[in-house]
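Protein chains: 2
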Amino acid sequence: MSDNVLTPEELEAALRAIGAERYHNLHPFHRLLHGGKLERGQIQAWALNRYYYQRQIPIKDASLIARLPTAELRRAWRSRLIDHDGDGALPGGIERWLKLAEGVGLDRAYVESTEGILPTTRFAVDAYVNFVRERSVLEAIASSLTEMFSPTIIAERVEGMLRGYPFITFDTLAYFKPRLSQAPRDADFALAYVKAEARTEAEQQAVLNALRFKCGVLWAQLDGLYLAYVEPRLIPPGAFAPGPDGANR
Amino acid sequence: MSDNVLTPEELEAALRAIGAERYHNLHPFHRLLHGGKLERGQIQAWALNRYYYQRQIPIKDASLIARLPTAELRRAWRSRLIDHDGDGALPGGIERWLKLAEGVGLDRAYVESTEGILPTTRFAVDAYVNFVRERSVLEAIASSLTEMFSPTIIAERVEGMLRGYPFITFDTLAYFKPRLSQAPRDADFALAYVKAEARTEAEQQAVLNALRFKCGVLWAQLDGLYLAYVEPRLIPPGAFAPGPDGANR
Numbered sequence: 180m181s182d183n184v185l186t187p188e189e190l191e192a193a194l195r196a197i198g199a200e201r202y203h204n205l206h207p208f209h210r211l212l213h214g215g216k217l218e219r220g221q222i223q224a225w226a227l228n229r230y231y232y233q234r235q236i237p238i239k240d241a242s243l244i245a246r247l248p249t250a251e252l253r254r255a256w257r258s259r260l261i262d263h264d265g266d267g268a269l270p271g272g273i274e275r276w277l278k279l280a281e282g283v284g285l286d287r288a289y290v291e292s293t294e295g296i297l298p299t300t301r302f303a304v305d306a307y308v309n310f311v312r313e314r315s316v317l318e319a320i321a322s323s324l325t326e327m328f329s330p331t332i333i334a335e336r337v338e339g340m341l342r343g344y345p346f347i348t349f350d351t352l353a354y355f356k357p358r359l360s361q362a363p364r365d366a367d368f369a370l371a372y373v374k375a376e377a378r379t380e381a382e383q384q385a386v387l388n389a390l391r392f393k394c395g396v397l398w399a400q401l402d403g404l405y406l407a408y409v410e411p412r413l414i415p416p417g418a419f420a421p422g423p424d425g426a427n428r
Numbered sequence: 180m181s182d183n184v185l186t187p188e189e190l191e192a193a194l195r196a197i198g199a200e201r202y203h204n205l206h207p208f209h210r211l212l213h214g215g216k217l218e219r220g221q222i223q224a225w226a227l228n229r230y231y232y233q234r235q236i237p238i239k240d241a242s243l244i245a246r247l248p249t250a251e252l253r254r255a256w257r258s259r260l261i262d263h264d265g266d267g268a269l270p271g272g273i274e275r276w277l278k279l280a281e282g283v284g285l286d287r288a289y290v291e292s293t294e295g296i297l298p299t300t301r302f303a304v305d306a307y308v309n310f311v312r313e314r315s316v317l318e319a320i321a322s323s324l325t326e327m328f329s330p331t332i333i334a335e336r337v338e339g340m341l342r343g344y345p346f347i348t349f350d351t352l353a354y355f356k357p358r359l360s361q362a363p364r365d366a367d368f369a370l371a372y373v374k375a376e377a378r379t380e381a382e383q384q385a386v387l388n389a390l391r392f393k394c395g396v397l398w399a400q401l402d403g404l405y406l407a408y409v410e411p412r413l414i415p416p417g418a419f420a421p422g423p424d425g426a427n428r
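Heads up: the sequence lines are chains A and B, in that order. Adding 179 to a residue's 1-based position in the first sequence gives its number in the working numbering. Adding 179 to a residue's 1-based position in the second sequence gives its number in the working numbering.
Hints listed in this document are in silico derivations from the structure and should not be mistaken for laboratory results. Be careful, since some hints might not be right.
The calculated lysine to any residue pairs, modelled on SDA-like cross-linking and capped at a C-alpha distance of 20 Å, are [unchecked claim]: (1) B:K216 - B:E338; (2) A:K216 - B:L413; (3) B:K216 - A:L413; (4) A:K216 - B:E338; (5) A:K216 - A:E200; (6) B:K216 - A:G267; (7) A:K278 - A:G267.
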């Protein structure tokens with residue numbers, strides 16, 4: 180083993196260090212969202228844009244499943260499809276996100292059309308889908324590892340939003356509840372995979388870069404929201420504009 | 180012909196209307212840049228990020244040439260490759276952009292590495308390359324039509340930057356001079372193509388949407404710069420940070 184190859188534990192520590200520096204819980208938009216500091220229209224903009232991310236996640240996962248070599252791996256990853264698309268009886272993540280969007284006052288058909296989302300959102304999310312489609316399976320799996328950090332942010336978010344916004348109910352936030360168990364299960368699987376499979380220095384660097392890339396995907400989405408809806412409120416032509424009272428446009 | 184089909188002249192007018200509403204000359208970042216209002220570090224950030232766009236343009240053009248069906252069309256589009264990559268004697272657009280970046284104080288190798296660019300820049304530019312790769316030839320050609328609007332912005336830019344910034348010379352801005360003749364030549368060709376080939380309502384709407392998409396690609400790049408380097412100066416982790424005196428980091 181070369182001196183530059185990390186042990187699995189060192190690799191995990193390096194991944195966690197990336198999260199500590201780059202995960203989007205550190206972004207000012209999330210601090211405002213969780214701190215009860217946003218107007219209803221700003222929360223609508225967040226819900227509207229984030230819907231596009233939710234909607235593309237199963238596309239991303241299916242393109243990865245299509246490239247996984249064994250039934251065991253495909254089966255493990257398939258649970259993500261079920262989580263997001265539902266099983267026909269229990270609503271999946273996409274449906275639950277639509278409920279959240281309706282709960283903050285958006286029109287369901289408008290959300291589903293994605294016509295009001297920021298170009299920045301579309302480009303960032305599409306970059307993620309393309310990354311998973313085009314890079315190695317190892318990098319594609321590593322790019323999912325932001326889920327290592329998501330339980331913390333979800334707990335902060337649900338608590339902060341319930342406390343901060345009278346118009347948000349526990350029911351509106353039902354999206355997040357299953358994620359508290361799904362995300363750690365998925366993250367554990369992906370982390371074990373990259374710790375076992377990233378053996379060379381080049382593979383380990385690719386894994387670390389994949390996580391940095393994904394942190395950028397999440398961060399850029401909040402950058403877009405911050406610029407358009409917080410400061411300096413520079414809404415790009417054609418994007419969602421909150422009503423004067425924060426009502427749906 | 181259905182009532183909803185535009186004449187070629189109406190289609191051109193509709194394209195120009197999109198430019199009048201969405202072209203990035205309207206973005207506050209460009210107003211600051213051309214008005215002499217930016218610090219050197221902010222101009223460096225612009226030059227650094229825009230380099231990634233310049234660098235990917237011939238990739239985009241080559242992927243389109245690969246899909247054009249006739250020697251005549253491929254030959255016409257090939258001039259763009261020569262413009263950007265050079266002919267081995269005269270420097271192409273990429274090389275001239277590197278000169279511009281060096282002229283505003285950036286290190287050439289740092290610029291070429293693209294490691295300091297904003298994720299937003301990378302996602303927007305990659306979205307453009309992928310659009311041209313994946314959509315119909317008609318949409319791919321239509322997405323180039325922002326060049327209809329570029330001579331105006333270039334004239335404003337060169338004049339404004341020479342007047343506004345003592346450290347910028349005519350030589351530094353040599354990138355733009357050939358563009359004043361190249362862009363109209365290219366835009367005329369692409370405009371004639373879409374006016375001739377977009378005959379159905381669906382084709383015409385696809386053409387208009389392709390131009391809207393491309394305006395979003397350009398606009399989003401300035402959104403990223405504005406947020407990170409103008410207001411509220413929220414530089415994403417890992418991105419270029421201007422030195423205190425605007426010198427290269």
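Against the structure, the hints come out as follows:
1. B:K216 - B:E338: Distance ~14 Å between B:K216 and B:E338 Cα, so the pair holds.
2. A:K216 - B:L413: holds, 18 Å
3. B:K216 - A:L413: holds, 18 Å
4. A:K216 - B:E338: violated, 43 Å
5. A:K216 - A:E200: violated, 23 Å
6. B:K216 - A:G267: violated, 57 Å
7. A:K278 - A:G267: With Cα atoms ~16 Å apart, A:K278 and A:G267 stay inside 20 Å; holds.
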